[in-house]
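J.: Spelled out, the chains give:
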Amino acid sequence: MAHREVLAEPGRRVLMLGNVALARGALEYGIGFASAYPGTPSTEIVEALSYAARKLKAPYVEWSTNEKVALEAAYGAALAGVPALVAMKHVGVNVAADPLFSSAYTGVRAPLVVVSADDPGMHSSQNEQDNRWYGIHAYIPVVEPAGAQEAKEAMIAAFKLSEEFNHPVILRTSTRVGHTRVPVETGEIPLEKLKAKGKFKKEPTRTTLIPAHARKLRVELLEKWDRIAKRLSEHPLNSAEGPEDSKILVVGVGLGYRFAKESLSYLGLSDKVRLLKLSIPVPIPEELLLSEAEGKEKIFFVEEGEPVIETLTKSLFFDKEVMVKVAGKGNGYITKIGELTLEKVLPGLAKFLGVNYTQPDPPRVELTPPPRPPALCPGCPYRAVFYALRRALGKARVRPIYNGDIGCYSLGVLPPFQMQDTIVEMGGSIGLANGMSHVVEDQLPVAIIGDSTFFHAGMPGLANAVYNKAPMLIVVLDNRTTAMTGHQPHPGVGVTAMGEETMELDPIKVAKAMGVEYATVTDAFDIKGQEKVFVEAIEYVKKERKPALIVARGACILLAIANARRQAVKYPVYYVDEEACTACGLCYRAFNCPAISPKDDGKATIDPLLCTGCGECVQICPYNAFKPEEEPSEEWLKIMRTAKPR
Amino acid sequence: MKVNGGKVDVVLAGVGGQGIITMASVLADAAVNQGYNAIVAETHGLSQRGGTVIVHVRLGDVEAPLIMEGGGDLLLSLEATETLRYLKYVKKGAIVVMDMRIIRPPLPNVEVPQLPEILEELEKAEVEVYPVNAVGEAQALGNPRAANMYLIGYGLAIHGYGGMVSIDSLKQAIMSRVRNPESNIKVLLKGYNDGLNAVKR
Ligand SMILES: Cc1ncc(C[n+]2csc(CCOP(=O)(O)OP(=O)(O)O)c2C)c(N)n1
Ligand code: SF4
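Residue numbers (my numbering), protein chains in the order written: chain A, 1 to 646; chain B, 1 to 201.
Hint data in this document are derived by calculation from the structure and do not stem from the laboratory. Be aware that one or more of the hints could be misleading.
[To be verified] Not close to chain B: a few residues of chain A, all C-beta gaps over 12 Å, as computed:
1) Gly76
2) Ala148
3) His179
4) Val182
5) Tyr257
6) Gly330
7) Val521
8) Leu558
9) Lys570
10) Lys627
[Claimed, not checked] Lysine to any residue pairs mimicking SDA-like chemistry, simulated, CA-CA at most 25 Å apart:
11) A:Lys599 <-> B:Asn109
12) A:Lys599 <-> B:Arg101
13) A:Lys638 <-> A:Val533
14) A:Lys599 <-> B:Ser183
15) B:Lys88 <-> A:Arg565
16) A:Lys599 <-> B:Val15
17) B:Lys7 <-> A:Glu517
18) B:Lys171 <-> A:Lys638
19) B:Lys92 <-> A:Gly268
20) B:Lys7 <-> A:Pro360
21) B:Lys91 <-> A:Gly338
22) A:Lys644 <-> B:Gly17
23) A:Lys603 <-> B:Met100
24) B:Lys92 <-> B:Gly163
25) B:Lys2 <-> A:Arg565
26) B:Lys2 <-> A:Asp271
27) A:Lys644 <-> B:Arg49
28) B:Lys190 <-> B:Lys88
29) B:Lys92 <-> A:Pro370
30) A:Lys638 <-> A:Arg565
31) A:Lys603 <-> B:Ser183
32) B:Lys124 <-> B:His159
33) A:Lys570 <-> B:Lys190
34) A:Lys542 <-> A:Glu517
35) B:Lys2 <-> A:Leu237
36) A:Lys570 <-> B:Gly17
[Stated by the list, open to error] Short, incomplete list of chain A residues facing chain B, as computed with Cβ under 8 Å:
37) Arg181
38) Leu342
39) Pro370
40) Arg399
Quantities reported herein were computed from a predicted structural model and do not represent experimental measurements. Glycine included, every Cβ here is placed at the ideal spot set by N, Cα and C.
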């Protein structure tokens with residue numbers, strides 16, 4: 001996606017996604033470097049910067065192989081004197097935690113902003129995690145924009161704070177900041193600053209963390225932390241509104257401010273209650289909190305995620321012997337489950353303040369809608385792979401443990417395939433199979449991993465499997481892109497975030513170089529062909545007790561269609577030959593392509609608007625009922641196998 | 001930014017891939033073009049891939065990104081069963097404009113309610129329901145993917161969107177945001193006119 005509005009001319013008011021506003025803020029500040037590994041809800045920040053970089057020829061932007069690498073790269077740029085941004089989703093920070101902690105000790109020469117995009121409610125993640133704890137744990141300040149409305153300003157403030165203290169800064173967002181669109185006023189972009197080069201100045205006592213140096217740096221770090229806390233008590237992004245003499249204070253932290261403000265207005269209390277907005281809550285601005293607490297009887301916290309600031313404030317009040325009632329998520333007034341909503345904040349706030357409130361009673365229906373989970377797209381190559389893999393495992397008479405991973409193929413957990421027994425984190429497929437393979441007897445660990453995930457965290461696990469002779473079958477799903485997050489390129493596809501051509505890393509060559517003896521490519525769209533190879537590979541694992549790796553290659557069909565459109569290549573649409581169809585239901589039950597559905601008589605029908613011309617149905621129908629409107633062209637068949645992102 | 005003290009909460013519902021995010025952007029852009037505030041809360045990532053989709057569009061004097069349950073003024077739905085799923089986001093008496101098409105979820109052996117039952121339930125549900133044939137009308141005008149614009153136009157005719165959105169500002173938003181703007185505008189106008197006729201009736 002392009003996100004053109006990131007370069008809207010200055011002085012305009014433009015509707016922008018929060019993530020694009022964050023990117024705009026980084027451009028207006030004048031960064032020279034940006035890196036990321038994609039992850040919802042952070043991806044569009046660097047997508048927008050990549051668009052800007054192609055147009056402006058600056059700043060330098062890259063998709064890195066994983067979050068640790070991305071953070072190290074940005075950290076390196078900042079140490080070499082160039083303002084740098086790195087973005088990742090909340091769990092990406094777990095991957096990047098090691099360099100993150102060190103960055104607080106060394107500090108930085110030019111500003112470094114680490115964006116952590118949290119996903120409360122788990123719209124697109126495996127857990128809920130409040131990464132403000134990382135700021136506290138690692139002694140790194142946290143900026144938390146009060147909604148998408150403040151995203152651009154908060155990003156600029158984060159860079160200025162980092163610059164002022166030569167210290168990394170975390171900018172924490174959440175789904176409803178990054179994926180919310182609001183009007184944003186645009187300012188100037190300092191083109192010269194985006195292009196500025198850096199110079200690394202040698203100062204080993206600061207940048208080599210041997211114990212002797214690190215011990216001194218820790219003393220400095222704690223002293224710096226106190227100075228930052230003092231500064232944050234006066235920072236304009238931390239400010240209070242409403243009557244000073246109110247006995248009640250509501251603290252809205254980051255996005256929580258928006259929910260607090262609208263809730264107060266809903267209850268008619270806007271001009272009766274004092275409201276403190278904290279957009280840079282870590283380290284907690286102690287002086288500000290203590291002065292606002294003066295004369296108050298009750299303080300209510302509204303924050304997205306865990307009761308982080310509420311808990312720290314309670315501890316501060318205890319130390320300073322401030323006697324005031326404090327409530328929020330910490331004592332159950334707002335639930336800790338899921339994301340903030342008005343219907344969660346309002347009853348808690350009303351109860352704490354002792355005011356009347358009844359939740360609106362929405363219209364009700366008795367009828368329940370059918371479940372509608374996301375599904376593999378019509379024409380997805382993974383459907384063919386799952387189908388062939390299951391048949392092969394049956395033929396080879398092995399009982400598989402499907403160790404799945406994170407990507408579109410995670411959707412294989414749903415019926416009819418149900419071919420993901422574990423999905424834990426990126427790289428976990430080979431990782432868990434490594435352990436299982438040494439302890440199970442009559443089961444075969446199968447690791448199913450995407451291409452982007454293979455480069456992200458699969459390679460160390462694979463080296464381990466070879467080294468420790470772990471008998472497992474590894475299937476690398478090479479769909480030529482990082483599909484789930486919106487089709488970013490990765491090291492296997494030969495194109496960079498700046499749109500330049502580069503080397504294509506081939507997972508087969510990687511595996512062979514690592515010592516995998518059985519490593520081979522199959523055509524992901526060819527069901528019978530792959531089935532044969534899978535059977536052979538399983539026999540190899542059984543006999544040799546070593547890992548075997550298969551790369552199932554076939555482009556994400558959405559990517560293939562986009563490539564075909566650009567090259568003006570038409571893809572065929574398939575239809576059902578009514579005479580041939582026997583209404584056996586195999587295609588819509590066992591194969592389950594969303595473009596195929598049953599008619600009243602049980603015979604299959606294809607929705608031409610949904611058909612993507614993959615031709616997989618032709619291979620599975622025992623009665624040859626699927627036919628193309630016109631034969632697929634050579635060009636289309638080639639694009640299906642070689643398409644790549646731009 | 002203009003403030004008229006008013007706000008309108010519009011819930012958009014449908015199935016991933018139907019162009020609901022574009023629909024939300026056009027509606028919000030139209031308000032922003034006229035100088036008003038707008039907030040659109042969407043979700044990306046997993047929720048595409050043919051899953052259920054809700055987008056919150058808030059126009060005017062609002063702060064939080066999400067519409068409260070029982071708070072929405074309108075529900076514009078591109079799929080009939082999704083109307084049932086997100087009805088709880090509107091208030092009693094709200095306007096519901098709904099495409100009558102049902103898209104079967106791609107799950108083996110799933111039970112799907114039929115249109116007559118859905119309509120009957122909605123009749124009972126204390127909302128003002130307008131069942132429409134948005135996809136069909138858009139297809140007849142040569143662009144089935146523009147059904148989302150039909151609903152925006154229809155909604156404008158019925159509700160007025162608090163005076164913050166007009167046909168002209170919608171056209172302007174379509175011109176700057178959407179592929180094939182001409183056919184989209186045609187469908188928008190068709191929806192608007194059909195809406196006006198429905199009001200007269
Ligand atoms: C540590 C971490 N970083 C990023 C993500 C976000 N994420 C989820 S799926 C995915 C894509 C994986 O791509 P690939 O393995 O190629 O599978 P595809 O989606 O193409 O099927 C990403 C980046 C994550 N869940 N965890
Ligand atoms: S986006 Fe691509 S990889 Fe993901 S389900 Fe669709 S076709 Fe498959």
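J.: Against this structure, judge whether each hint is valid.
T.: Hints, one by one, checked against the model:
1. Gly76: At about 29 Å from chain B, Gly76 (chain A) clears the 12 Å cut-off, so the statement holds.
2. Ala148: Violated, because the least Cβ-Cβ distance between Ala148 (chain A) and chain B comes to about 7 Å, which does not exceed 12 Å.
3. His179: At about 5 Å from chain B, His179 (chain A) fails to clear the 12 Å cut-off, so the statement is violated.
4. Val182: Violated, because the least Cβ-Cβ distance between Val182 (chain A) and chain B comes to about 5 Å, which does not exceed 12 Å.
5. Tyr257: violated, 8 Å
6. Gly330: holds, 21 Å
7. Val521: Its Cβ never comes within 12 Å of chain B, the nearest being 26 Å, so this holds.
8. Leu558: At roughly 10 Å from the nearest Cβ of chain B, Leu558 (chain A) sits no farther out than 12 Å, so the non-interface label is violated.
9. Lys570: holds, 18 Å
10. Lys627: holds, 22 Å
11. A:Lys599 <-> B:Asn109: holds, 13 Å
12. A:Lys599 <-> B:Arg101: The given pair, whose Cα atoms are some 16 Å apart, holds under the 25 Å limit.
13. A:Lys638 <-> A:Val533: Roughly 21 Å between the alpha carbons, so the hint for Lys638 (chain A) and Val533 (chain A) holds.
14. A:Lys599 <-> B:Ser183: With Cα atoms ~32 Å apart, Lys599 (chain A) and Ser183 (chain B) exceed 25 Å; violated.
15. B:Lys88 <-> A:Arg565: violated, 40 Å
16. A:Lys599 <-> B:Val15: holds, 21 Å
17. B:Lys7 <-> A:Glu517: Measuring from Cα to Cα gives roughly 65 Å; hence the hint is violated.
18. B:Lys171 <-> A:Lys638: With a Cα-Cα distance of about 40 Å, the restraint between Lys171 (chain B) and Lys638 (chain A) is violated, given a limit of 25 Å.
19. B:Lys92 <-> A:Gly268: holds, 22 Å
20. B:Lys7 <-> A:Pro360: holds, 17 Å
21. B:Lys91 <-> A:Gly338: The hint holds at about 23 Å.
22. A:Lys644 <-> B:Gly17: Holds, at roughly 21 Å.
23. A:Lys603 <-> B:Met100: holds, 24 Å
24. B:Lys92 <-> B:Gly163: Between Lys92 (chain B) and Gly163 (chain B) the Cα gap is close to 22 Å, so the pair holds against 25 Å.
25. B:Lys2 <-> A:Arg565: violated, 42 Å
26. B:Lys2 <-> A:Asp271: holds, 22 Å
27. A:Lys644 <-> B:Arg49: holds, 19 Å
28. B:Lys190 <-> B:Lys88: violated, 29 Å
29. B:Lys92 <-> A:Pro370: Since the Cα atoms of Lys92 (chain B) and Pro370 (chain A) sit roughly 23 Å apart, the hinted pair holds (cutoff 25 Å).
30. A:Lys638 <-> A:Arg565: Holds, because 14 Å separates the two Cα atoms, which is no more than 25 Å.
31. A:Lys603 <-> B:Ser183: violated, 35 Å
32. B:Lys124 <-> B:His159: holds, 21 Å
33. A:Lys570 <-> B:Lys190: Distance ~31 Å between Lys570 (chain A) and Lys190 (chain B) Cα, so the pair is violated.
34. A:Lys542 <-> A:Glu517: holds, 14 Å
35. B:Lys2 <-> A:Leu237: Roughly 24 Å separates the two Cα atoms, so the pair holds.
36. A:Lys570 <-> B:Gly17: holds, 21 Å
37. Arg181: holds, 4 Å
38. Leu342: holds, 4 Å
39. Pro370: holds, 5 Å
40. Arg399: violated, 23 Å
Taken one by one, the earlier hints fail for this structure at numbers 2, 3, 4, 5, 8, 14, 15, 17, 18, 25, 28, 31, 33, 40, listed in ascending order.
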